[in-house]
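Chemist: With the hints as a guide, bring the two chains together.
Residue numbers (the UniProt record's numbering), protein chains in the order written: chain B, 1 to 595; chain W, 1 to 657.
It should be emphasised that the hints constitute simulated quantities derived from the structure, not laboratory data. From a predicted model like this one, the values you see are computed outputs, not experimental measurements. Careful: at least some of the hints might be erroneous.
20 Å max Cα-Cα, derived DMTMM-like pairs, lysine to aspartate or glutamate [what the hints assert, rightly or not]: (1) B:K194 <-> W:E561; (2) B:K462 <-> W:E552; (3) B:K280 <-> W:E128; (4) B:K292 <-> W:D334; (5) B:K476 <-> W:E561; (6) B:K127 <-> B:E113; (7) B:K127 <-> B:E149.
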Amino acid sequence: MPEIKITPLGAGQDVGRSCILLSMGGKNIMLDCGMHMGYNDERRFPDFSYIVPEGPITSQIDCVIISHFHLDHCGALPYMSEMVGYTGPIYMTHPTKAIAPILLEDMRKVAVERKGESNFFTSQMIKDCIKKVTAVTLHQSVMVDNELEIKAYYAGHVLGAAMFWIRVGSQSVVYTGDYNMTPDRHLGAAWIDKCRPDLLISESTYATTIRDSKRCRERDFLKKVHECVEKGGKVLIPVFALGRAQELCILLETYWERMNLKYPVYFALGLTEKANNYYKMFITWTNQKIRKTFVQRNMFDFKHIKPFDKSYIDNPGAMVVFATPGMLHAGLSLNIFKKWAPYEQNMLIMPGFCVQGTVGHKILNGAKKVEFENRQVVDVKMAVEYMSFSAHADAKGIMQLIQYCEPKNVLLVHGEAQKMEFLKDKIEKEFSISCYMPANGETAIINTPTKIPIDVSLRLLKAEAVRYNAQPPDPKRRRVVHGILCVKDNRLSFLDIDEVCEEIGINRHVIRFTSTVRFDDPGPAVKTAEKLKGLLTEKLQGWSITISDGNISVESVLIKVEGEDESTKNIYVSWTNQDEDLGSYILGLLQSMVQ
Amino acid sequence: MKLYCLSSDAAKPCFVLSFKELLIMLDCGLSAHSVLNFLPLPPVPSTRLTSLPTYTPPHINDPLLEGELKECCGRVFVDSVPEFCPPLDKVVDFSQLDVILISNYTCMMALPFITEDTGFKGQVYATEPTLQIGRFYLEELSEWVCAVGEGAGEARRWKELVHLLPPPLSQAVRPRAWRRLFSAAALARSLARVRVVGYDERVDLYGALDATPVSSGFCLGSANWVLRSAHEKVAYVSGSSTLTTHPRPINQSALRGADLLILAALTQTPAHNPDHMLGDLCVHATLTLRAGGCVLCPVYPSGVLYDLLECLSAHLEGAGLAQVPLYVVSPVADSSLAYSNILAEWVSAGKQARVLLPEEPFPHAALGRAGRLRQARALHELPTSAPAEFRQPCVVFCGHPSLRFGAAVHLLDLWASNPAHAVIFTEPDFPYMEALAPFQPLSMKAFHCPIDTSLNYSQANKLVRELRPRELALPDQYALPAGTGAGAGVASRPHISVDVPTVIVKRGAARAAGVRRRAARGTLCGALAASALPREVAGAAGGLRAAPLAAELRIRDARLELLPPPAPARAARLHWSALDVEALVRALAREGVGSARVEASEASGSDSSGAGGCIVHLPRHDTLVHVERNATHVFCEGRAEVRQALRRALAACLPHI
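Pulled out of the complex, with its shape left as it was, chain W reads as follows (with noise of 0.2 Å):
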């Protein structure tokens, strides 16, 4: 068994696991923040950030270099459409992957660029949340990126001059390996290929593995998947939550005891509370209202936002701003909440049990009733009773987090100087002072609330330990030193730190794990083995008993049958221990082979040991019998009777099965 990495960004995994033949992904998560060092592409053009001044490097005078740089506030951005990091393609060849797992939608987004014009022939498995509302994340990303950005030209040139460019630019990892989004029709082509599975199905992988997916209560359809075979189980944890929010919680059982675990997307912001910081986000989006500012929220269309939209039209009504309109923009928006209410099968105990009331399952659809909750495709498409400008308080939901493109772009060139408004940033993907450095100099108030509720350290920590896996596996981030040290004299310890045989993979490598493979499972047709008869084998341990036994082995889809030999075929017999010669000599008298003579052989006058080493002669009949320790030659030069009795006679005289 092999692992390898191939994602920089431990939040956005992407493994190979080579097991039992097969090469087998686990993820593939997008690293989106390389597109936090472009300049933002503004739904409607922006004069504000056309006008930014030029950057050229010091003492560089390079025409090609020519209009692809900007700077804003001391931050030099590239103008051009963002590029995104997608897994390395160089270490292993995507046309030999057999299948693809996915855990939840968060960790698909690269699947374009591995499945499409690369050979790709193999599976996708994901559940059918993970599927839907990947889609809906994709086909967001597609609009604002590909749409906008289309005949937009190229920047390649401060590729070369990395060296050259201020930090961060300067210490960007690998921006040749940076690639601009896939095409919409590759996105429908990649998507097609996904075959949906539900929670707890057994997804047979060509015979040789079963995968199954379970609860891991992080998100909609979020999911662990475990590998089994007959004797080896490899449990893959990605993305899970132990706290108590909207979907199915997670399922510790099913990972119990794996030979292998394989630990990743833990939460990006370990310092944070996600409870706390949704109460901060009620608090300060109320204050904000009451003082006739208005919220922006960068999200993405699924997850997180529909429990902020249930906790915080809960506490504005609390706080008698019930008023208040709520306001999604995505060109997903429609769908994203439309479907979260019809997956009943997916959500918590407490959720479901609306459904057989019947309630819908989240409290938006009753807010859109009520004409709280307003969603639109883009900006200009809300309804005409909501100002364009704004003016009336109002909480917008609209993305993309990093700030590089959608809605949320023009609402913040739109906000940006009064400091009336707010922007709170929820997703924890991105940091956001970087997110908002192409908008600087900032009026409005920027508040942080990430909310994460996937495992932070202790709680993985705990439930590794839990699960007790004979192995475990983990990016390389999760084994660094906590923190930057800001007390020098705490001794700085690993993040992830289990009393298991641990193994650590960086980006790019590949390392051994897991158990190695003795025995495969097959079944015994009932025929075959009633004509066994197995013997107690004496001296062996714990009361075995063993038989020779011949079978024709049938491999039919990877499944290994033991049928009856085509015809009696010999069994191997196997004897074993020294052989007492005088016990083989009375045996021979008995089978009326006499006349045995015994001597030592050479060979055995030095061996201290004494055991065995000697000739048995028998004149009469052309033989010899030299005996050793472990073995026993008969040179019968006799007729074939002889050599009956001498079997007879052996048998008689050594254990034998």
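Same shape as in the complex, but just chain B (with noise of 0.2 Å):
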């Protein structure tokens, strides 16, 4: 039985560094090749040396898919194809390819510039890598050689966020990467067809949440930073630059003009209006309502937020500074919180999920003093708020997604052990599919019932449709066809015999066997032919028998009276060598009623 086999390298029964070896078919495929933002040493990268000891790797992978720009995504590819040395082909969509150098880029300023780290991959290595990425739109269908095919759905999550359909011959898997089943203010929910994949491998990070409406949660947002701002106090709001950040950003944006505040909004990073320009020039992957209002309103073009300076830090008064990175784990986002932590009127609120190590994590689990690497010690007497606006698709989504594509199988990746644990029983009961959870290094192993694509002759086909069509109709009726099944050069072929017989030129041989049962009934020979008609029905339910000029025939089987006006008849009962076990049957039948 063919096999697909899952080793997470990330990702596994965690959150952060996806990276998840699939192999089918003889392929092996890499699932994304993010890094970890919770650790500084060599833990950070996937454990490349997994898949091949030693020597080139590039053998060893037949294709690497990123499926959208997050760092726990895509962070740990300059790495590999540059300095680990993998050539083969790499793919992501457009808006993926455009921005996650970018990010990239910012990553390793803040790790090597600020925290001083050697043994990173440079800038170049960033451009070089990106070079060698082949860029796919949505429901391209691209054949990475002869028998591995991948296509790209929408996946909602942030600005070209893919899911990915994996085939190889008869066996498909779904990627889902991170997705979102829900619309959102600036980016649709994810999609997929019924393609009914032998395996779908999704993320579980809310894998035990039902999130309450987004409505609510949008204005205890907003009423949270008005509250805040109008007693004088500073908000920040770590984000990573692209993705949430303007999802966030439209949410103010339109508060403010609505509300008509006048307190300064900023956007930290000169990142925000490159950013944002590739929001704009990529419009075609926004929602619906961008899409259709965009030639009068760009939604990109904010006019109440403006670009941070570090010297606001301090500056007196009010302010809503959103900030980067997401997480606290360096950068600007955590000199802002220094400063501002020890001071009660002002307020953090953390729009996403924060990887276990980062600062951010500890905060949110309550900590009310940081220590930092210089011995600092930091108060956190501010508010803090933990506010989920990651798109990440919760427990319905998941349940959503399994829905529309029907799976045979379930792997769930991207989420913590115990809440998995809980996704995998709910899926295991509502769906009746098995679903598997490996963790990191562990292999999942799934069967997969073999398909051998084959050449159905039409003649064949068109004969059995005749005969089935001449029944009653009958859904539940099985439908049997007989045939030659031919192997030639590894190719399969069905074939009705005649077919065979021209394809190899060869001279069919017909064996035909005849036997006569002695019958005393006198009459004509009609009746007697209509009286075995009747026996026969009797006899053998469910078989075509029909009856013409005297002549009565099962299936292929002919049985004809003779002897007119004689009161023996004499009852011929003809079948070829292949129907002798229905000719036999009608032979004995016949015998035992005459004596």
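Modeler: The structure is reproduced here in structure tokens:
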């Protein structure tokens, strides 16, 4: 039985560092190549030595697929392609290809220039790496080689996020990356057709959460921000430059406009304008509403949101600042946090998930004092709010996606173990399909049914269709075809007997058997035939029995009554060699009737 | 497989392909040549046009014809709302169509004629730019023709008297089938049916076929369609270009090795090289502007317009005329210009690279920001800085290229008498002298620089040779001898001449084409395959192995599956070659059925071949075996064991599976 093997190198019962190895039909595919934000040592990259302890990695991997530009999904790509030495094909969508290098560069700067790390990839490496990327469009079916086909579906999570359908032979897998099943202010909802894959690999960040309505969350968010700035407090919202940031900007922008507020709103980093430019140019990837109205007004031209300058940190008075990065693990957001944390009137809003090991994670877990590398201790007195705005599917969404694409198996990644466990039970109960959740380095093996492509002769099919359609309609009736299976050059075909003879140039030799039964039955032969037919119909239910010119035929067995005037009739039963079972059964039947 | 041709205009094709019980419409082009027979519809009333003399054919006094025809400089025009020539509707019942595949936005203008009020129930597929830009074209057309034409009476009588009218009206093809344009509502309904697809996306057509649009290089989102089943491949090549312009380049490899290649929408101006024409246009424009004249380019709101803006703005800058404003006037100008800059995934690699920077793929956004390019919905909405009389030299791009409606009509009326101004024709759809006919006498300069980037005949010939289809289908225009034969001695040869079996289709005709199907693709369940045990067939070429097989057939969503049969069903055994009677007797003896007597049958006496044709008697078992060359008939009155012994003996003597 053919198998599909999945080994997570990252994101197995874990969030961060998504990197999943998939092998089926002799092909090895790497799904995402992310880094872990919570580590600063070698653990931040996936363990590529698992694939091949030493030597070139390219021959072991047929392609790398990147689902979206978040660093926990693409952060290790330059490392893999430029430092480990992978030279094979890499696929991602156009927006991902445009935006990923910016985020990578940003991260590199923080790691190398602020933290002084060495053995990190360089700017040039990022550029070289991105040059090797093949960009794909939605629904485009890409043949990686003769057997491996991939196709991207809209995933909604961030601009350019995609789910990938991957097929080798008759086996297929869908990898979701991160996705969102509810449309938001700037992106649409994930969508996939009923592709019935053998396996669905789904993220499960919010495996146990069923989120309340988005509207409530938004109102809550706006209320809290408004209350804080009214009291003269400063609001810090750590975000990643692209993604949720734009969503929250649109939210604040429309609120500020509606309420006619004048408090300054800043977006840190020169990236803003550039980032918004990407959004303007890839408007085809945003939601319906933005696409329809962009000619009149581009949603990403913000009026109230201005670029931030470092000197503003110590400015008095209320303000709202979006600062990167999103998990408070380094950079500007951390700097601002250090300055503002000790004051009660200030507020920190974490709009997304924080990976273990980051400052964000500590604070969300209620830490009131945070210690930094240089022994600096910061008291956290500011209000801390966690509001999940990250666009992941919740439990309901995951179940919905399973319903959409009808997989035969499900595998969960990108989530926490206990939560996965819960969802796994739920999936197995609700859909009665098996569900897997391998840990990092653990391999899940999924068996799939063998399906061999075969060419079926039209002559065979047409003859069968004529027979089938002649019968009264019954949707439950099984349709059986008889023919010859031919194998030539590893290709299978299913042919009619006569076609086989023509094809290979042989003369068919038909073998026919005829036996006679004597039957005392005065009267015309036709009457006898009718009588026989009645008997056969009774005994052979479910078979088609016809009578014409005094000859009865049961499927292909012929029965003929001879002797018009004699009182003893000769009943001939005739069948071909292949109908031996039926023929001898009927013969036996007639013989026992006579006695 | 059958191919129907519904359009008389090869550049605006409309085919229907019947294949695997599906009716597939390939493109639905709207021929607009008919509008040239009508008087222009000015956006504002024109005294010149209204004061044209009425025409009455000689010796006819028909009051119904009153006011339908007018004359201008010796040519007769119909004074009515212009009418178009939609695809033939009598050949194929549109309600039976399953699918419409659209290749590019110039070939979809008849869509509402086909999908609305015809009972059409199928699917329409097009790429996203095709749908959007097609929408611009159609909305522009509808706004100009319908808005002005509403309430105007319809001229009908002249169609009855066509034979009495002077040419070219008398040569109009089937004017009674000409139709007025659809309403805006019908247009919206029709476009709402279109399903958007991307390049290289496999669209499943009712489980029978896969249809894939592949890049054709002609315009944004233009596609050639490849229809594929497991065994057959049909390529529909329409509006393709091998030149390098702004769209994604043509994908040739996907078209290779088709069983049938349908070729349509080649260039309409084979004598003109688009590159040279673009150069000429820049030169003419510069000269006119230098001399203080204005330039009018009647264009469609998308397509070549983008290239024109890019080239002309660069050229003018080089000529020191950077201050000359460029205007684009169209009801959809805003949308068209904005839209082109968000189609990053559909443009050429060079333009795509700009998006990564990120900059807009087309320079017209920058031109707009710099104030050099302005757009407006209509002439009177142009910014006030633009003088309404256009005294200062400027370049205006506006529609419609036929010069029968749209802003161009008004501008031409305004400028026709001034020899300083120039009109430059770039769209190849209309003969420019005919387009200008109702504006005669004309003092302004008229230049003809048609830019048609679709394949010319030599490129098409080369392409077909490279693609190596098994069969080629062409509209009859492309197979006709080239030119009018100015050099009488030169043997005229067909336009497309490739060494491939060719089917030529005429408007209204149907031709059988392509392969005969012999097999369908299905899947065989592993368990069933494992039980089959195929054996080598002696004497068959190429190591063929075979096994009898009985299988349950499951057809779901037109997909075929072979599963293990419900009960262990008998499989059809196959025996072949002639029976060696002596071997049979020996085999029977081994089975314990002895005392066989062989005698030649009567029939075989005359049979010179001598092969077979004998009877084996088994008197002890009351059995006769009638052996012929290709058949053996056993008359067995004995017990069943004898029959089984006979079967084994026969099986031992005959090769079988």
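Chemist: Next, verify each hint and record whether it holds.
Modeler: Status of each hint after checking the structure:
no. : hint              : verdict
1   : B:K194 <-> W:E561 : holds (18 Å)
2   : B:K462 <-> W:E552 : holds (15 Å)
3   : B:K280 <-> W:E128 : holds (17 Å)
4   : B:K292 <-> W:D334 : holds (13 Å)
5   : B:K476 <-> W:E561 : holds (16 Å)
6   : B:K127 <-> B:E113 : holds (18 Å)
7   : B:K127 <-> B:E149 : violated (27 Å)
The earlier numbered hint that this structure contradicts is number 7, and it is the only one.
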